[in-house]
Amino acid sequence: SQTIHQWPATLVQPVGSPLSLECTVEGTSNPNLYWYRQAAGRGLQLLFYSVGIGQISSEVPQNLSASRPQDRQFILSSKKLLLSDSGFYLCASRWNGYTFGSGTRLTVV
Amino acid sequence: KQEVTQIPAALSVPEGENLVLNCSFTDSAIYNLQWFRQDPGKGLTSLLLIQSSQREQTSGRLNASLDKSSGRSTLYIAASQPGDSATYLCAANQAGTALIFGKGTTLSVSS
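Protein chains in written order, with this note's numbering: chain C, 776 to 884; chain B, 20 to 130.
Take the hints with a grain of salt, since some may be wrong.
[What the hints assert, rightly or not] Simulated coverage check for chain B against chain C, where a stretch passes if three residues somewhere in it have a Cβ under 8 Å from a Cβ of chain C: (1) 29-36; (2) 63-72; (3) 116-124.
These are computed hints drawn from the structure, not numbers from a lab.
Every value quoted in this text rests on a predicted model; they were computed, and no experiment measured them.
Glycine is no exception: its CB is placed at the ideal position from the N, C-alpha and C atoms.
All chains should be modelled from the sequences, with the hints used to inform the complete structure.
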């Protein structure tokens, strides 16, 4: 079975500051990886997905970017955070269904 | 574009009651349908995965069904318990695409 590690669990950042959220996967190789965001009162929105190292697809144009420097590592970044970037960020891996990490609660103040 | 809808948005039941959560999807050409549980402030826990060739899956007190022709899935919870209180999310994906989620049903089971 696969395990998704996400950190940090919570983060409070000022507007205009940079962001880096990391996700690593154990128990599988060459997984498809995904970043989702869950904003208050809204459903889960797909932000990025990756089918391999260096391969990133963006679903929603926004202030964020993603990178996959290693097979089991997926990073979500921003150069300058906006208030609207606040939310609950979840990393997921797909193999025989989807497995999600425990999430990062980001509050931009 | 696939859309997933869950009804009701919230549900309150007394302990011991059997209940059904509903999920509908607009494109019947799905590859997988998956039910998740989310506790407040936590990540998603997979409950049941139904592949497109399957009609239902069971795990303990949970049973999920899939009817692709009508674009529906149901999650049946037998003999509900206070520990079942959580938000239940339905999600579907087509071949080569990511999961599309409904907005969830928030269940409250009172003792």
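These are the hints, each one checked on the structure:
no. : hint    : verdict
1   : 29-36   : violated (count 0)
2   : 63-72   : holds (count 4)
3   : 116-124 : holds (count 7)
In this structure, the one hint that does not hold is number 1.
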